[in-house]
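Visitor: Got chain R sorted already, so can you dock chain X with the ligands onto it with the hints?
Chains R and X, in that order, give the protein sequences.
Just so we're aligned, residue -5 is where the first sequence starts under the working numbering, counting upward by one.
Just so we're aligned, residue 195 is where the second sequence starts under the working numbering, counting upward by one.
Hints listed in this document are in silico derivations from the structure and should not be mistaken for laboratory results.
Idealized CB from N, CA, C, for every residue including glycine.
One or more hints might be untrue.
What the hints assert, rightly or not - Distance condition first, Cα-Cα at most 30 Å in a straight line; then the derived DSSO-like pairs of lysine-lysine:
(1) X:Lys363 to R:Lys157
(2) X:Lys369 to R:Lys9
(3) X:Lys369 to R:Lys155
(4) X:Lys363 to R:Lys184
(5) R:Lys58 to X:Lys369
(6) R:Lys16 to R:Lys62
(7) R:Lys155 to X:Lys202
(8) X:Lys369 to R:Lys62
(9) R:Lys66 to X:Lys369
(10) X:Lys363 to R:Lys96
(11) X:Lys363 to R:Lys128
(12) R:Lys94 to R:Lys218
(13) R:Lys66 to R:Lys184
(14) R:Lys94 to X:Lys200
(15) R:Lys157 to R:Lys66
(16) X:Lys200 to R:Lys58
(17) R:Lys66 to X:Lys200
(18) X:Lys202 to R:Lys94
(19) R:Lys94 to X:Lys369
(20) R:Lys218 to R:Lys66
(21) R:Lys119 to X:Lys202
(22) R:Lys62 to X:Lys363
(23) X:Lys369 to R:Lys96
(24) R:Lys15 to X:Lys363
(25) R:Lys157 to R:Lys185
(26) X:Lys363 to R:Lys185
(27) X:Lys369 to R:Lys128
(28) R:Lys15 to R:Lys96
(29) R:Lys9 to X:Lys363
(30) R:Lys122 to X:Lys363
(31) R:Lys128 to R:Lys218
(32) X:Lys363 to R:Lys16
(33) X:Lys363 to R:Lys94
(34) R:Lys96 to X:Lys200
(35) R:Lys185 to R:Lys122
Unchecked claim - One side of the interface only, derived from the structure: several residues of chain R facing chain X at Cβ under 7 Å:
(36) Asn86
(37) Ala89
(38) Ser90
(39) Leu91
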Amino acid sequence: MFLEVANLTKTYITKEFFSEKKFLALDDVSFSLNEGEFLSVIGSSGSGKTTLGRILANILDFDKGSVKYFGKEMREYGTSELSGIVQMIFQNPYASLNPKLKIRSSFMEGLAGAKNSDTEGIIEKTLKSVGLEKSILDNYPHQFSGGQRQRIAVARILLKKPKLIIADEPFASLDIYSQNQMLDIFSGIKKYGGVSVMLITHDIAAAARFAPRMIIMDSGRIIKDDTTDNVFNEKKNEYIMELVSSMEI
Amino acid sequence: MKRIFKNKAALAGAVFIALVIFAAALAPLIAPQDPSSQELTQRLRPPSAAHLLGTDDLGRDVFSRMIYGARVSISVGFFAVLITVVIGCFIGMLSGYFGGVTDSVLMRFTDIMLCFPTFFLILIVIAFFEPNIYNVMIVIGLTSWTGLARIVRAEVLSVREREFVLASKMLAVGKPRLFFVHILPNVISPIIVYAAIGIGGAILTESGLSFLGLGVQPPMSSWGQILMQGKDYIYIAWWLSLFPGIAILLTVLSFNMIGEFLRDVFDPKT
Ligand SMILES: Nc1ncnc2c1ncn2[C@@H]1O[C@H](COP(=O)(O)OP(=O)(O)O)[C@@H](O)[C@H]1O
Ligand SMILES: [Mg+2]
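Bound conformation, chain R alone (with noise of 0.2 Å):
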């Protein structure tokens, strides 16, 4: 099994003057995934989505349980070998590249460390996989529009050729088109085939196009993991039945 996740509990500890706050965003998760398959998580917002993706990319501490990619404890690779294992797309596409540094800066990130001797030509292979120019790489991140910061970023992460790749809410602030645009990169990239993808997001209609497997979530807990078509034909969990019904108005 490529992923597995066994009993991920998390617990947030805010520290106010005198006393903790504690609150648990992830209550016994498990679930494992094959390599190359595509899943997409759904949830209302708060019920540890963000939380579970974060984890999985290792860049969120867990309390208890177990991330194993290939068999080996998530904890136990370096962060250059993990690098080349999952990467993760964040939600604000205006947050993720540096403003401060010219799009080639950021994205030669992705090639560190590298030893190919066709750098350029990688680059303008990876870039027009996801419907860019190479001339963007003389550009500042304000120079571009949400939806192309969003296939910037995907394109940085491709470089570094990970086995899984988790989106969190990609589209959630891209207009119609852009969110089309990108659920097609994806899909470009399950042609490639050996890459998993993991879609979060609260869009059961977008989960639904994306992937034949669902993991629901509520409070923490994953309420149902299943095939698309048998989330949509069973309807008999109210939280589920309000997800599904929210897609068919």
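Guide: Leaving out everything else, chain X with the ligands in the frame of chain R:
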């Protein structure tokens, strides 16, 4: 850069500061008279063609003394703030970047420094050591970094959680690059704003010290010192107090205007 032409107050401030710096730098060429040559027949003369801003109780030309005094004010302002920025940034960044025990220790130290009334601390130190321009710069610098350290810490704390930093972290970007390329350039703007306003504050503190006789010592002149000498003659020679007072006021105001302007430029949201 174009925006400063729209902001009249900041533009006026920048022009005024440029003039002061120009006058200070070229003092020997601009000052009509030697600032310390005494003409006892010309004591306490009101402003006239011969003495633009009048003369003091020893018959020295006030205008010339003020131009030389600008050297003191400007250099105290800049060097004191340089010290402030170096210490404030260093402590704030260590604190924000490393967090944990480092942060706790440094921030408690900052809190303690913050508890002392700065001006009295400066008075004590200056009274203890020799009052001269270097000690004034150093003491002002050493006592005014606390606010900046806190600002820098808060900025670093927030920037290091920003998505682009996390993204670079995931790409296995090294710690030095993470800090110097991604975090540092994005916390620089509040530092510049703080520095601009801080220069005005340092000039004011120096004037206060000189007024109390604890600043630069004669024969060197500073605006605060001319003001102090003027206080004994305020009923008969108003120009001795008025002009240095105006110079201090306008300089501090100008630095504040520039600081406010920069704040707007860097942070258009507020
Ligand atoms: N840094 C944090 N400190 C405290 N609570 C947090 C923090 N981040 C998220 N939370 C809380 O954890 C819950 C889950 O958050 P999140 O994973 O962002 O949910 P989602 O992405 O599904 O909207 C929310 O109730 C949120 O308020
Ligand atoms: Mg979220």
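Visitor: Now look at each hint and say whether the structure bears it out.
Guide: Taking the hints in turn, this is what the structure says about them:
no.: 1; hint: X:Lys363 to R:Lys157; in the structure: 17 Å, holds
no.: 2; hint: X:Lys369 to R:Lys9; in the structure: 27 Å, holds
no.: 3; hint: X:Lys369 to R:Lys155; in the structure: 22 Å, holds
no.: 4; hint: X:Lys363 to R:Lys184; in the structure: 25 Å, holds
no.: 5; hint: R:Lys58 to X:Lys369; in the structure: 27 Å, holds
no.: 6; hint: R:Lys16 to R:Lys62; in the structure: 26 Å, holds
no.: 7; hint: R:Lys155 to X:Lys202; in the structure: 53 Å, violated
no.: 8; hint: X:Lys369 to R:Lys62; in the structure: 25 Å, holds
no.: 9; hint: R:Lys66 to X:Lys369; in the structure: 25 Å, holds
no.: 10; hint: X:Lys363 to R:Lys96; in the structure: 18 Å, holds
no.: 11; hint: X:Lys363 to R:Lys128; in the structure: 24 Å, holds
no.: 12; hint: R:Lys94 to R:Lys218; in the structure: 43 Å, violated
no.: 13; hint: R:Lys66 to R:Lys184; in the structure: 25 Å, holds
no.: 14; hint: R:Lys94 to X:Lys200; in the structure: 25 Å, holds
no.: 15; hint: R:Lys157 to R:Lys66; in the structure: 14 Å, holds
no.: 16; hint: X:Lys200 to R:Lys58; in the structure: 57 Å, violated
no.: 17; hint: R:Lys66 to X:Lys200; in the structure: 60 Å, violated
no.: 18; hint: X:Lys202 to R:Lys94; in the structure: 28 Å, holds
no.: 19; hint: R:Lys94 to X:Lys369; in the structure: 18 Å, holds
no.: 20; hint: R:Lys218 to R:Lys66; in the structure: 26 Å, holds
no.: 21; hint: R:Lys119 to X:Lys202; in the structure: 50 Å, violated
no.: 22; hint: R:Lys62 to X:Lys363; in the structure: 20 Å, holds
no.: 23; hint: X:Lys369 to R:Lys96; in the structure: 20 Å, holds
no.: 24; hint: R:Lys15 to X:Lys363; in the structure: 28 Å, holds
no.: 25; hint: R:Lys157 to R:Lys185; in the structure: 14 Å, holds
no.: 26; hint: X:Lys363 to R:Lys185; in the structure: 28 Å, holds
no.: 27; hint: X:Lys369 to R:Lys128; in the structure: 28 Å, holds
no.: 28; hint: R:Lys15 to R:Lys96; in the structure: 41 Å, violated
no.: 29; hint: R:Lys9 to X:Lys363; in the structure: 26 Å, holds
no.: 30; hint: R:Lys122 to X:Lys363; in the structure: 25 Å, holds
no.: 31; hint: R:Lys128 to R:Lys218; in the structure: 43 Å, violated
no.: 32; hint: X:Lys363 to R:Lys16; in the structure: 27 Å, holds
no.: 33; hint: X:Lys363 to R:Lys94; in the structure: 17 Å, holds
no.: 34; hint: R:Lys96 to X:Lys200; in the structure: 28 Å, holds
no.: 35; hint: R:Lys185 to R:Lys122; in the structure: 15 Å, holds
no.: 36; hint: Asn86; in the structure: 6 Å, holds
no.: 37; hint: Ala89; in the structure: 4 Å, holds
no.: 38; hint: Ser90; in the structure: 5 Å, holds
no.: 39; hint: Leu91; in the structure: 5 Å, holds
In summary, the numbered hints that this structure violates are 7, 12, 16, 17, 21, 28, 31.
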